[in-house]
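> Given these sequences and hints, build the entire structure.
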Amino acid sequence: MAIVLGIDGGGTGTQAVVADEHGIVYAEVTVGPTNPNAVSREQLKATASHMFDQLKEQNGEAFDQVELVFAGMSGSGDSEKSKLVESVFAECLPNRRVIVANDAINALYAGTYGEPGIVQIAGTGSITYGINEEGKASRIGGWGYLFGDEGSGYAIGEAALRKVFHTHDRKTDAYKLADKVSAYFQVDVVPDLVPAVYESSSPREKIASLSRVVFEAYDEKDPHANQIVEQAANDLARSINTMLNEHFQQHQTVILAGGLFKREDVLPELLKSRIPSSSHLKLLKREPVMGAVDAAIKQLGSA
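For the sequence shown, our numbering assigns the number 981 to the initial residue and increments by one for each residue that follows.
No wet-lab data here; the hints were simulated from the structure. Hints may be right or wrong, so weigh each one.
To be verified - Simulated DEER-style distance windows between Cβ atoms:
hint	residue 1	residue 2	range
1	R1243	K1036	38 to 44 Å
2	Q1045	N1221	41 to 47 Å
3	E1244	P1175	31 to 37 Å
Claimed, not checked - As a list, the in silico DSS-like pairs of lysine-lysine whose alpha-carbon atoms are at most 25 Å apart:
hint	residue 1	residue 2
4	K1186	K1156
5	K1242	K1262
6	K1252	K1278
7	K1201	K1242
8	K1061	K1201
9	K1036	K1025
10	K1278	K1265
11	K1116	K1278
12	K1116	K1151
13	K1063	K1025
14	K1061	K1116
15	K1201	K1156
16	K1252	K1265
17	K1201	K1252
18	K1242	K1265
19	K1252	K1262
20	K1242	K1252
21	K1063	K1278
22	K1116	K1262
23	K1278	K1036
24	K1201	K1186
25	K1242	K1156
26	K1061	K1025
27	K1116	K1063
28	K1186	K1242
Beta carbons are placed, not taken as given, at the ideal position from N, Cα and C, and that holds for glycine.
What follows is the structure, given as structure tokens:
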């Protein structure tokens, strides 16, 4: 019976699970951030050591039987960052096989149980990731809020703020949206939104959180909120359809993962009419870390 260690590493927290090929979990732990773009090498090693120590403390027998470690890590899309994380994990776990990859694989395999498919992630940021029947992996987007992240919470929040400031400048008339955004930030006048955003601990997260305000206005049939949400659906559909056309002949399961899809009646519904009927949309229900376990088992099977 194969036992593996799956890791879902992020910029705010990291989950790790020791499990077998049947999905039985022997140990699990949640620790701090491990995104190599957000923490130093020293911080990464300290967090990783603590994580492995906790897993071993929970079930030393199972931990000692781990054959392979698969870590899907945010911030590890390029080879240099992946090598950095691999080297740190290898130092903590000598004589263990370690594979580090993009964290989108976790969400994909958590939805497909290790089978080919596409995952559309839309939370603070966005990325479209797919692995086809030939095992070829491809990505669209995920370049960060400065260069893309279309259809993300950040993109929705930024579009809302833009409309609010345009309304203040009398270039448009999104008054309802302006009132809602001002109330959300607890400011009396629109210019005070500038320090409210820029002086927050994480302006990116603060802007992305506005997506819930936009959805609220969308529910109230506000035309400006409707325009923003429709644009987000168009942007996400464009990425999904590009992936389908180039790698899947327009037939594949598409996993929807991330906070923006928690409202099942909004973006998931809008996407149904924007992608081919031959492709099946499926909301992610499992924890992404279990996708890392599936990826590890799959790697063992192909070795």
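> Decide if the proposed pair is consistent with the structure: K1116 and K1063, CA atoms, cutoff 25 Å inclusive.
holds (20 Å)
> Would the hint linking K1186 and K1242 be met if the CA-CA limit is 25 Å?
holds (18 Å)
> Given the hinted pair K1063 and K1025, is their alpha-carbon gap at most 25 Å?
holds (14 Å)
> Is the Cα-Cα distance between K1278 and K1265 25 Å or less?
holds (20 Å)
> Does the hinted range 31 to 37 Å hold for E1244 and P1175 at CB?
holds (36 Å)
> Taking 25 Å as the top limit, are the C-alpha atoms of K1061 and K1201 close enough?
Given pair K1061, K1201 is violated - Cα atoms ~45 Å apart, limit 25 Å.
> For K1242 and K1265, compute the direct alpha-carbon distance and say whether it is at most 25 Å.
Distance ~10 Å between K1242 and K1265 Cα, so the pair holds.
> Against the 25 Å threshold, does the CA-CA distance of K1201 and K1186 hold or violate the hint?
Measuring from Cα to Cα gives roughly 24 Å; hence the hint holds.
> Checking one constraint from the list: CA of K1201 to CA of K1242, max 25 Å. Satisfied?
Judged against 25 Å, a Cα distance of about 19 Å means the pair holds.
> Is K1116 within 25 Å of K1151, Cα to Cα?
Not OK: K1116 and K1151 at ~47 Å, beyond 25 Å, violated.
> Could you grab the alpha-carbon distance between K1061 and K1116 and see if it respects the 25 Å cut-off?
holds (21 Å)
> Assess, step by step, whether the Cα of K1242 is no farther than 25 Å from the Cα of K1156, and give holds or violated.
holds (24 Å)
Going down the numbered hints, you'll see the structure goes against 6, 8, 12, while the others check out.
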